[in-house]
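Trainee: These are the residues of each chain, in order.
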Amino acid sequence: AQSVTQLGSHVSVSEGALVLLRCNYSSSVPPYLFWYVQYPNQGLQLLLKYTSAATLVKGINGFEAEFKKSETSFHLTKPSAHMSDAAEYFCAVSDFGNEKLTFGTGTRLTIIP
Amino acid sequence: GAVVSQHPSWVICKSGTSVKIECRSLDFQATTMFWYRQFPKQSLMLMATSNEGSKATYEQGVEKDKFLINHASLTLSTLTVTSAHPEDSSFYICSAVGWDQQETQYFGPGTRLLVL
Numbered sequence: 001a002q003s004v005t006q007l008g009s010h011v012s013v014s015e016g017a018l019v020l021l022r023c024n025y026s027s028s029v030p031p032y033l034f035w036y037v038q039y040p041n042q043g044l045q046l047l048l049k050y051t052s053a054a055t056l057v058k059g060i061n062g063f064e065a066e067f068k069k070s071e072t073s074f075h076l077t078k079p080s081a082h083m084s085d086a087a088e089y090f091c092a093v094s095d096f097g098n099e100k101l102t103f104g105t106g107t108r109l110t111i112i113p
Numbered sequence: 001g002a003v004v005s006q007h008p009s010w011v012i013c014k015s016g017t018s019v020k021i022e023c024r025s026l027d028f029q030a031t032t033m034f035w036y037r038q039f040p041k042q043s044l045m046l047m048a049t050s051n052e053g054s055k056a057t058y059e060q061g062v063e064k065d066k067f068l069i070n071h072a073s074l075t076l077s078t079l080t081v082t083s084a085h086p087e088d089s090s091f092y093i094c095s096a097v098g099w100d101q102q103e104t105q106y107f108g109p110g111t112r113l114l115v116l
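Chains A and B are the protein sequences, given in the same order.
Residue numbers 1 to 113, in this note's numbering, belong to the letters of the first sequence in order.
Residue numbers 1 to 116, in this note's numbering, belong to the letters of the second sequence in order.
Hints in this document: simulated from the structure, not taken from any laboratory.
Keep in mind that this is a model prediction, so the values were computed, not measured.
Derived DSS-like pairs (lysine-lysine); straight-line CA-CA distance at most 27 Å:
#1 K41/B with K100/A
#2 K100/A with K64/B
#3 K68/A with K100/A
#4 K100/A with K55/B
A short, non-exhaustive set of chain A residues, derived as facing chain B with CB atoms under 7 Å:
#5 Y32
#6 G43
#7 L44
#8 K49
#9 K100
Note that beta-carbon positions come from the ideal geometry of N, C-alpha and C, so glycine has one too.
Bound-form chain A, shown alone (with noise of 0.2 Å):
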């Protein structure tokens, strides 16, 4: 059984600091990893994901994730964080990516000014 985990479910940067929310999962095969952003009454939107090719999975708005198989983890990072980045977001976990997609609970980020 597939399962993800977030830890912190809320996470405060100041605006121009580092951004970094852990997520680690839990798979009895090579897994697919993605991060997924939601804003306020949307969608999810796809930041990257990770599917078995390089490691360090580069995805949109200047966010990256690596895969780390012997700590399973695929924390998700950015430089510098933007007012703009403050949304809840979510990781997640799929054996194949058309088989169901497994999500943590969640992380809030906000950003402070």
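On the provided structure of chain A, position chain B as indicated by the hints.
Mentor: Leaving out everything else, chain B in the frame of chain A:
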């Protein structure tokens, strides 16, 4: 590319009525569509998986007679909430997977349902 739309974006209905929500893949053909519901400040919970031309597969605990899913074409899936009750009030989100990017689900903007 890979745009998914939902209609309506908001719906308010009386208890006991039925509500239909549409999910469309606008610029690709979707082999599979998924329906999720999300309660306030919570994560997404998968309700069902639908493939074009076949019956939907429902997750454990989801009433298939209450949440009717029809996937009549490669670009359209509908979710009908039958005999809606206040506890059905939620945010319903669909996603779609295309033939050429089968590892990625693209999500619609969601439909907020309020049952009075």
